[in-house]
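Peer 1: Now for the letters of each chain:
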Amino acid sequence: MSQLLPTPIDLPQAVELAPLGVRVDRRRRRFVPGWLRLLLGNPKGRIGILMIVGMVVLGLIAPLLASRSSAVDFSLLDARQAPSWHHLFGTTDQGVDVFAQVVWGARRSLLLGAAAGALATVIATILGVFAAYVGGIVDDLVNLVTNVFFVIPTIPLLIDITAFLHTRGMLVMILVIAATLWAFEARILRAQALTLKNRDFIAASRVAGESTRRIVFGELMPNMVSRIAAAFVLVFYVAILVDAGLEFLGLGAMDKPSWGVALYWATVNSSMLQGEWWSFVFPGLAIGVTVLALTLILAGIDEVSNPRLRATRVRRHLARRALGRAV
Amino acid sequence: MSEAALEVRHLEKRFAADARFVGRRSYVHAVDDVSFMLRPGTITALVGESGSGKSTVARLLARLYAPTAGSVIYRGKDVARDKSRRSVLRYRSQVQMIFQDPFGSLNPVKTIRHHLERPLRIHGIVERDEVEDRVHELLRTVGLVPPGHVADKYPHELSGGQRQRVAIARTLAVEPVVLLADEPTSMLDVSIRIGILNLMLKLKEERDIAFLYVTHDLASARYLADDILVMYAGQIVEQGPIEQVLADPLHPYTKLLLSAAADPEAGVETKRIEVRKGLASAAVDPPDGCRFVGRCPLAIDVCSRVTPALVEAHPGQAARCHVTAPASAGIAAVPSTS
Amino acid sequence: MTEVIEPMPAAPAIPAPGVPIIELRQLAVEYGAGDRSVRAVDGVDLAVHAGEVVGLAGESGCGKSTVANAIMQILRPPARIAGGSILFRGEDLVDKGREELRRYRWRNVAMVFQSAMSSLNPVMRVGDQFVDMMRAHEPVSRNAALARAEELLGVVGIDRRRVRAFPHELSGGMRQRVIIAMALALEPQLLIMDEPTTALDVVVQREILQQVQDLQREFGFAILFITHDLSLLIEFADRIAIMYAGEIVETAPSARLQASPRHPYTRGLMESFPPLTGPLRRLVGIPGAPPDLSAVPPGCRFHPRCPLCVPEQPVMFARQTTERPVLRELEPGHFVACHAAGAST
Ligand SMILES: Nc1ncnc2c1ncn2[C@@H]1O[C@H](COP(=O)(O)OP(=O)(O)OP(=O)(O)O)[C@@H](O)[C@H]1O
Ligand SMILES: Nc1ncnc2c1ncn2[C@@H]1O[C@H](COP(=O)(O)OP(=O)(O)O)[C@@H](O)[C@H]1O
Ligand code: SF4
Ligand SMILES: [Mg+2]
Ligand SMILES: [Mg+2]
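Note that the protein sequences, when read in sequence, are chains C, U and Z.
Residue 278 in this note's numbering sits at position 278 of the first sequence; the count goes up by one each step and never skips.
Just add 1000 to the spot in the second sequence (first one is 1) and you have this note's numbering.
Just add 2000 to the spot in the third sequence (first one is 1) and you have this note's numbering.
What the hints contain is simulated information worked out from the structure, not anything from laboratory work.
Glycine is no exception: its CB is placed at the ideal position from the N, C-alpha and C atoms.
Take every hint as true, because none was put in to throw you off.
From chain Z, some residues computed to sit far from chain U (all C-beta separations above 12 Å):
| # | residue |
| --- | --- |
| 1 | Val-2019 |
| 2 | His-2049 |
| 3 | Asn-2069 |
| 4 | Tyr-2104 |
| 5 | Asp-2132 |
| 6 | Leu-2184 |
| 7 | Glu-2218 |
| 8 | Pro-2311 |
| 9 | Glu-2312 |
| 10 | Val-2315 |
| 11 | Ala-2318 |
| 12 | Thr-2321 |
| 13 | Gly-2333 |
The calculated DSS-like cross-link candidates involving lysine-lysine, where the alpha carbons are at most 30 Å apart (straight line), are:
| # | chain 1 | residue 1 | chain 2 | residue 2 |
| --- | --- | --- | --- | --- |
| 14 | U | Lys-1083 | U | Lys-1110 |
| 15 | C | Lys-197 | U | Lys-1110 |
| 16 | U | Lys-1110 | C | Lys-44 |
| 17 | U | Lys-1083 | C | Lys-197 |
| 18 | U | Lys-1110 | U | Lys-1202 |
Using the sequences and the hints given, assemble the complete structure.
Peer 2: Now the structure itself:
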């Protein structure tokens, strides 16, 4: 047995991860955050981001594409026109330009969705995750509040509040949607945080001396990125739908262009029945494309936030590239 | 006997066994009247079956749990109830813990670099621009080369043994005086275990670290440790120098453990143990008397009435047993604090 | 509907000497298909004779459980038998029909799974699980099956009244015994135990092993005992097979293996267990890690970790890195697959 060499240290395994694709270049990191680079490196994330950016740009340059008045003002002379060069997406029964509706509507709908989504997600994350980690009486209290908010229905509350305040402003919409939807997210996030908090790596960070704040935001939360992103997308989506729903009920701000208003008019005019598919299809498509883009980004986040998936993706990608070169 | 790096006296931890809000609640006595000290350059093994309270002791020492009673004496001061951030941070810069599961004790979404950087930054161990060098040095210390390459990896890209080395490197970042290792090799493959054990031996010798080595494997305890603490149902039932205890165990439970362990040197002849009732795990509201009484071949009348005290029956070797270490045979091993 | 279940072709009560209960010949098992397949078991020869306790040891992932599942004929896709044969009393199982195989399982060969303790149904009483299992194989009445369950629980040292218990009311050790009792219900000729006690404490582990040994002596079934704990096997098994990266690298009677292991991997494994008695010295274990089975080293699979494989001996080195060693009988009953073994001593 004396031939056995005294090498008590196990050498690193030969399986190496190709460093090219994953190593974050420190110099470039300053200009483009690492997570965005990762997301852009992911095919799904990239397409999703491009689509969303396209939508946002469309909203931003709306004044260049169509006049605001053509998106809201009735003009019976132009009514019921099929798509043409003059009216790209056609016009409604009231003579409103559908293309103008869609591009101007992008402003309101995207802003509403993003703001409500962000607000609800921030509240849900802070309350849900923090309470779960801290535990004890804090958790009990937050849980109680969450459960109260959880049972408040969104649309009736919105109807009541808009009636009470005599306003249908964007801010009220955002606040009410966020206030009624965060609880749902908070419950999901709390459940995940509860299982994560009992993992040894959290105990290990405590032993290392991390503060509670850093453990929650620096160690726990990065493990929940895809859940948190999913929460955001869900609220975003619901906010656009609620907006459309309110318009549907005739309770929205009819004088402001939004995808919801467009759909409302399409329904009121029974456009589909009369063969005026354009006034229904284009606003619907706008919502659909936005949701698809968000879902793609979500799928991308799902993949890049998990280093395991990220690595295999990159490896497969590299393998494919290498193959391509060899052929 | 050199001075203690860390000492616990009459440590006690109870967990509520039910969620009752009124009336008398019942408690699991996970750790009951445990006293011992860890000395620099010495490895103390804490052995016992699962559920006997070993991990709870380690977590109490790591200050992950607050003790129900008793004291943790560090640098002459009882720190058990001092919760100020400053005191906790100072404690954490000296007392570190290695966890059982190398798959669970590293954050899956963080690189190896992050795990080693954090303690360096939290405790300001080195200047900012030296952090990367120190990370590499730590990785080299635990035998992970080339360090620059390993640092960029995520935990899932390493094998179990490599992960456990990272976990050890993290504890070394703060240059600890005390290391608590909770079954650091039980989740690892046989061929990798010995490497981790040797690494711990090396650290003990080179850095004069005081180790608590928690395990249920007597053979590895003997390989590594100088002293042994045998735990049964939340209590320490025997303690002393490990060779002495294993060669001549006082407590019947230690004997049982010894005869149950497989020993390759003993060869193919099979050992047999007596099968009896009783559990080594911590009990809910245990009655007075010896906790081993149900399994003990030596039990006498008094055993089920009076809880035996830890008595130093042989020089340096103490046990909790009315028969093999009666109170008349020696002095109480642990002086009362009050 | 009554299903007529024919007994298996009458097996001789006393096996003809020399015909093993189970014999593996050049068994190969692959996971996945095409270029991404992994050969988890590659050319394994192993025989278990009546009344014998054979141990199978090796590092995690070397293919122990895969061998067990192949013998049990419970490999599921993506796993498939890629070559070789599995002989039960001389008959190849590879070309048997499904119904025949179903009867073969449990009745002839029973298995205690690696995650056995969690394999009991948590919402069913222990006794009912016995009844279900037995009635799937034999046309017995419920009461008869329950009576048998009680009897078997008694045999493994559990109070008979516990047939009415739910699994969560039993300790880990007791659950493990229940599983063993279930495996013995149909009086199999071979019992495969895949790491039956790794999750248990030393004391409980020994209690259970003792009981299994008693039962084995009483009923005379053979055991294939899988574990990574070599020191346990040396005590418990009659013969030990050491597996590395899908191959068997050494087999020998336990005493012989303990006294003079010949394969460097076996020696390394032995070097990984510190002794409980006798002198202590610094152990070295085995450097490195086992290979990824999708890219096994050429030649001897152990050569990258082998202390006997050094470029300073070019002739041997060339053989070790290119030629795959086969099992050779160095002494009667002692087989080793190593180019250097025998040459060095
Ligand atoms: N379903 C599967 N698909 C692909 N590969 C598999 C699958 N199951 C097992 N393997 C691979 O087959 C090899 C042998 O696995 P096996 O479970 O037989 O190992 P083992 O020796 O029993 O290990 P352990 O000691 O950890 O139980 C391993 O490399 C494993 O990764
Ligand atoms: N966080 C906890 N809450 C309630 N009971 C616990 C907790 N941790 C441990 N216990 C109980 O304390 C006893 C000792 O557990 P532990 O210290 O983990 O044992 P060991 O490490 O020796 O296996 C067990 O009965 C266990 O169930
Ligand atoms: S005190 Fe009594 S019961 Fe306890 S170990 Fe000693 S002899 Fe046995
Ligand atoms: Mg433990
Ligand atoms: Mg297995």
